[in-house]
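Here's the letter readout for the chains.
Number of protein chains: 2
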Amino acid sequence: MPRYTAPVAEVAFLLDRVFPMEGSTGLPGLADLSPETLQAVLTQAGRFAETVLQPLNQSGDREGCRRHEDGSVETPPGFRAAYHRYVEGGWPAVSGDAGFGGQGLSLAVGAMVNEFCTSANMAFTMVSGLTQSACSAILAHGSAAQKALYVPKLVAGAWCGTMNLTEPQCGTDLGLIRTKAVPQADGSYRLFGQKIFISAGEHDLAENIVHLVLARIEGAPAGTKGLSLFVAPKLIVRPDGSLGPRNALLCGSIERKMGLHANPTCVMDYDGAEGELLGEAGRGLQAMFVMMNQARIGVATQGLALSEVAYQNAAAYAKERRQGRALKAPRSPEAPADPIIVHPDVRRALMSIRAFNLGARALLVWTALKADIARRSPDAAARDAAEDLLGLMTPVLKGVLTDTGVRNCIEAQQVFGGYGYIVEAGMEQFVRDARITAVYEGTNGIQALDLVGRKLPRDGGRAFTAFTKEVASFLKARAGDTRLAPFLGPLKQGLDHLQQATLWFMQHGLRDPDNAAAGAYDYMHMFGLVAIGYMWARIAAATFAGGDGDAPPEDGRLLFGRFFMERTMPETAAHLARITAGAATLVAPPAEAF
Amino acid sequence: MPRYTAPVAEVAFLLDRVFPMEGSTGLPGLADLSPETLQAVLTQAGRFAETVLQPLNQSGDREGCRRHEDGSVETPPGFRAAYHRYVEGGWPAVSGDAGFGGQGLSLAVGAMVNEFCTSANMAFTMVSGLTQSACSAILAHGSAAQKALYVPKLVAGAWCGTMNLTEPQCGTDLGLIRTKAVPQADGSYRLFGQKIFISAGEHDLAENIVHLVLARIEGAPAGTKGLSLFVAPKLIVRPDGSLGPRNALLCGSIERKMGLHANPTCVMDYDGAEGELLGEAGRGLQAMFVMMNQARIGVATQGLALSEVAYQNAAAYAKERRQGRALKAPRSPEAPADPIIVHPDVRRALMSIRAFNLGARALLVWTALKADIARRSPDAAARDAAEDLLGLMTPVLKGVLTDTGVRNCIEAQQVFGGYGYIVEAGMEQFVRDARITAVYEGTNGIQALDLVGRKLPRDGGRAFTAFTKEVASFLKARAGDTRLAPFLGPLKQGLDHLQQATLWFMQHGLRDPDNAAAGAYDYMHMFGLVAIGYMWARIAAATFAGGDGDAPPEDGRLLFGRFFMERTMPETAAHLARITAGAATLVAPPAEAF
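Going line by line, the protein sequences match chains A and B.
The first sequence runs contiguously to residue 594 in my numbering.
The second sequence runs contiguously to residue 594 in my numbering.
Calculated from the structure, these hints are not laboratory results.
One thing to keep in mind: the hints can contain errors.
As the list claims (entries may be wrong) - Computed list of lysine-lysine pairs in BS3-like fashion (alpha-carbon distance at most 30 Å, straight line): (1) Lys225(B) to Lys147(B); (2) Lys180(A) to Lys492(B); (3) Lys225(A) to Lys319(A); (4) Lys319(A) to Lys180(B); (5) Lys180(A) to Lys147(A); (6) Lys492(A) to Lys476(A); (7) Lys180(A) to Lys225(A); (8) Lys319(A) to Lys225(B); (9) Lys180(B) to Lys147(B); (10) Lys328(B) to Lys225(A); (11) Lys476(B) to Lys492(B); (12) Lys328(A) to Lys225(B); (13) Lys180(B) to Lys225(B); (14) Lys492(A) to Lys469(A); (15) Lys492(B) to Lys469(B); (16) Lys492(B) to Lys492(A); (17) Lys225(A) to Lys319(B).
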């Protein structure tokens with residue numbers, strides 16, 4: 001039976017000490033909390049995750065969702081009651097806009113609450129995550145009437161939101177979308193088509209579900225330029241906000257999946273469903289991207305969240321399970337064997353996971369604080385700079401936290417030996433659940449292409465330049481601090497590799513875009529290593545600044561950082577070698593050779 | 001619905017061209033086949049795997065095994081009939097000893113037949129794999145009567161074999177075994193205890209199941225020195241070979257697992273079961289290691305086999321699924337999109353898998369040919385040299401082919417995007433099934449420690465020296481061949497790194513064994529890269545020697561080899577960096593810091 005304890009102290013340390021919340025203090029519409037109140041919020045969120053959500057995780061996986069003949073979908077036992085408590089506790093609304101009933105806390109706090117709840121129960125929590133993303137899209141692109149009608153309900157979690165993009169013939173290539181929107185005399189539209197892989201497309205948790213649907217208005221051009229975004233609620237919403245009759249949309253079936261069994265992945269059939277245009281006609285993709293980008297950060301959080309809960313269980317097991325003896329001398333001579341945590345190879349596995357988790361969480365918090373600024377700062381330059389960094393980090397976070405999240409879940413499962421393969425232990429569920437994070441909201445290959453093809457060259461490389469400048473300034477300012485030397489050296493090396501790779505793309509990728517595409521995946525991972533390495537250097541600096549002096553902090557956190565620097569950062573060299581190998585060998589074989 | 005085509009031509013190429021079978025020709029007891037006959041055997045084996053086993057793979061996963069109240073276990077529908085055909089076709093006996101009814105073919109041929117059958121249906125095939133390993137243990141340590149009684153039935157597959165090591169309190173640490181053997185007046189023993197995680201411990205495929213059981217004779221010392229190995233058949237075997245009554249052993253339950261659903265993983269309760277000592281009392285572990293080492297090669301084969309079938313499906317999907325356009329110009333302008341195999345990042349994923357598979361298969365064949373020599377050569381020096389290499393390569397093959405096998409299954413699943421997460425596509429089953437290979441027969445962490453702690457230092461490092469000498473001689477002999485340059489340079493670099501790491505262990509691991517243990521896992525993977533790199537260089541040399549001249553071979557095989565050299569071999573540098581980082585950071589944190 002797996003366990004979970006929300007890493008409240010770790011989050012508080014990041015928010016109070018590493019990236020003091022003052023960074024976003026005073027932003028319009030953002031509630032400021034004292035460290036004590038913040039700690040209380042995090043503690044309560046953690047307790048909710050631990051006591052309400054976590055106990056439903058294994059049973060939810062086992063029971064799964066059931067679709068009834070009328071197209072309704074029943075979530076696993078206990079999920080409705082838990083969702084009720086989730087809404088009652090105000091948890092969906094933590095970072096919600098205060099003007100629409102949200103609590104108006106920093107997105108960083110919202111991300112951490114999401115992390116806690118996802119570690120406890122990913123299938124449950126992603127319902128709410130997508131709702132928050134749908135809400136943002138309506139806030140960004142909706143009319144005043146749409147905002148008034150939908151946003152308060154979505155912020156509160158009384159209604160849920162979904163994103164409807166994929167169709168059988170198109171996932172990545174949205175230009176191929178066929179779902180049709182037929183204009184009506186009253187300015188509304190009727191939607192016809194089939195969407196697949198719709199997460200939480202139908203369920204019994206909330207009183208209504210608001211679908212955001214990409215479709216092509218009759219007569220619109222082919223390709224992505226012909227796409228528009230529509231709001232199509234499950235139950236028609238009357239202008240006064242009351243719920244009307246059912247809309248002509250139905251869950252046709254739910255998928256049997258590797259994991260995430262408690263979250264229904266639906267085929268959605270639109271058979272003349274009423275829909276309202278959201279934003280401008282023909283600019284549906286842009287509106288959907290607001291939702292998608294936020295969802296990508298949410299998926300990155302999922303990767304971290306599963307890595308964290310898998311780690312916690314592996315660490316606990318390694319302290320309890322006794323096999324063999326420490327190499328130099330028995331540690332528990334009174335017992336028949338030592339706990340396996342004495343073995344260096346078990347420590348290698350555990351430390352690689354935790355070193356990643358701590359650094360990745362810092363990166364997530366840092367990025368979320370920038371998102372606060374991008375959304376709320378009155379200073380246009382500050383907004384632009386934050387938006388740049390957010391755009392750059394979104395694919396990095398999504399790709400790296402999920403790929404590594406999956407790898408970490410496997411590594412944690414491995415610590416259990418044969419027991420990890422048994423369903424009861426719960427470790428294999430983490431692997432199965434985590435696996436989807438590398439796929440949805442754009443596969444990680446797509447994230448890499450987004451990074452290298454769009455985010456990197458945008459505005460003459462402004463975002464990349466700002467990031468490398470920040471890291472270089474940090475390195476320069478701290479150069480004399482010998483306590484930081486174990487962090488600064490590897491970070492500098494990693495930054496050099498990243499700059500070499502970027503230069504290589506400029507020299508070879510413009511001439512032949514295959515060279516950029518062939519190295520994109522490695523570049524994304526290298527970027528992640530450097531960004532997390534920078535976070536570790538920031539953590540170390542904050543730790544020493546906190547008055548701990550030369551002594552390592554009591555809980556040994558920085559030893560995990562040193563592990564990251566010594567053993568994970570060297571991978572940047574392999575990434576660089578692969579990137580500079582170019583595309584020649586990749587593009588040479590004809591399709592038949594595969 | 002996944003598909004599978006046995007790579008017959010690839011295997012024939014390895015056996016005929018790269019490692020001509022003459023290497024084992026003329027060994028006593030080994031049947032020699034002409035290339036044509038060999039091709040026919042492989043073709044038939046492939047057809048059996050494709051048409052009989054593969055169609056049962058998904059249904060077997062879905063249906064799983066069922067234990068009845070009487071302790072009997074029912075395999076999924078179709079498995080009994082398939083097993084009957086498997087035995088009838090003589091497939092279990094391919095490499096079986098001709099003196100006991102086997103076909104006496106090279107172990108390399110047997111390994112390849114196992115690969116085909118495992119790609120098609122791992123849960124089915126591992127029943128037979130363990131039987132072959134049990135058979136080897138009886139051949140090596142049994143009395144003449146035991147051999148005569150058990151081996152012919154096991155060789156033929158009429159009876160199956162199992163290995164019973166694990167108990168709830170001990171997996172890796174077998175010294176903790178509690179199962180008790182009570183001597184009887186007639187020289188036999190009664191076994192009492194519980195074994196867990198017993199693969200195919202009970203089923204309905206064969207008329208009898210021969211359990212090899214590690215137990216402690218009453219009064220024997222604690223630890224591994226007190227362990228003896230026993231043969232305890234499910235049905236008592238009378239001295240004339242006929243089957244008698246049921247033995248006092250029972251399957252108490254079967255485990256719910258992540259994958260491998262069609263293979264029952266049993267809790268076995270021994271309640272006074274009759275057992276006969278196999279080999280000497282107190283030397284049970286040594287006898288079991290014969291079985292275990294062979295089983296480890298079998299597990300390595302499983303890693304490769306799943307990587308291969310996952311690759312085949314991903315490659316087929318990438319040629320069919322159309323999304324997006326090639327970067328430079330559409331490849332199928334007449335269609336709405338290009339097949340995704342035009343995208344460099346999809347090729348990167350596919351090539352990394354196939355480049356590994358081709359090289360890993362060569363390493364498996366090469367090692368199996370050495371095993372033939374070790375087992376059968378009349379020349380003691382040749383036997384010793386082959387045994388050295390076999391011992392060295394066993395943990396490398398097991399650890400590297402399974403870790404990479406799992407990673408490759410995930411990478412192949414990823415090529416499918418969202419579809420790969422759906423059960424129907426079959427890709428997620430490959431991941432779930434493959435996952436156990438990194439765990440059983442000794443976790444991969446244990447393989448790494450076996451390599452570094454035992455195999456490397458044994459006989460003054462004789463095996464390692466022989467291996468590096470062979471690679472260095474190859475490099476020297478081919479130094480002038482410019483066609484081979486893309487292979488030789490990276491191989492030389494990898495070999496240098498391996499030698500540096502080995503030297504580092506000598507300098508730092510003897511002084512502090514934690515340093516060796518902390519680097520063992522990276523060393524194992526580095527060793528695998530160098531060994532597979534050597535295989536690719538051998539394949540390239542054989543290809544050019546085959547008269548293909550300067551032109552790349554028609555099927556572009558060597559392009560995959562170049563991919564391996566350009567993009568996979570550079571990882572040796574990261575492994576070296578990690579190894580030489582030592583144990584200091586790993587051993588520093590107290591258990592509470594985890």
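These are the hints, each one checked on the structure:
A hinted pair counts as satisfied when its Cα atoms are at most 30 Å apart, and Lys225(B) with Lys147(B) qualifies at roughly 25 Å. Annotation: proposed proximity of Lys180(A) to Lys492(B) is violated, straight-line Cα distance about 60 Å (limit 30 Å). As the CA atoms of Lys225(A) and Lys319(A) are separated by approximately 57 Å, the hinted pair breaks the 30 Å bound. A distance of roughly 29 Å separates the Cα atoms of Lys319(A) and Lys180(B); the hinted pair therefore holds under the 30 Å criterion.
A hinted pair counts as satisfied when its Cα atoms are at most 30 Å apart, and Lys180(A) with Lys147(A) qualifies at roughly 24 Å. Distance check on the hinted pair: Lys492(A) and Lys476(A) sit about 10 Å apart at the alpha-carbon level, within 30 Å; holds. Between Lys180(A) and Lys225(A) the alpha-carbon distance is near 14 Å, which keeps this suggested pair within the 30 Å criterion. Between the alpha carbons of Lys319(A) and Lys225(B) the distance comes to roughly 27 Å, so the proposed pair stays at or under 30 Å and holds.
Pair hint Lys180(B) plus Lys147(B) holds up; C-alpha atoms about 24 Å apart against a cutoff of 30 Å. Annotation: proposed proximity of Lys328(B) to Lys225(A) holds, straight-line Cα distance about 21 Å (limit 30 Å). A C-alpha spacing of about 10 Å is found between Lys476(B) and Lys492(B), which places the hinted pair at or below 30 Å, so the restraint holds. Between Lys328(A) and Lys225(B) the CA atoms are separated by roughly 21 Å; this keeps the pair inside 30 Å, and the hint holds.
Taken as a hint, the Lys180(B) and Lys225(B) pair is honoured in the structure, with Cα atoms around 14 Å apart against an allowance of 30 Å. For the hint linking Lys492(A) to Lys469(A), the alpha-carbon distance of about 12 Å falls within 30 Å, and the restraint holds. With a C-alpha separation of about 12 Å, the suggested pairing of Lys492(B) with Lys469(B) holds against the 30 Å cut-off. For the hint linking Lys492(B) to Lys492(A), the alpha-carbon distance of about 29 Å falls within 30 Å, and the restraint holds.
For the suggested pair Lys225(A) and Lys319(B), the alpha carbons sit about 27 Å apart, so the restraint of at most 30 Å is met.
Comparing the model with each numbered hint stated earlier shows that hints 2 and 3 do not hold.
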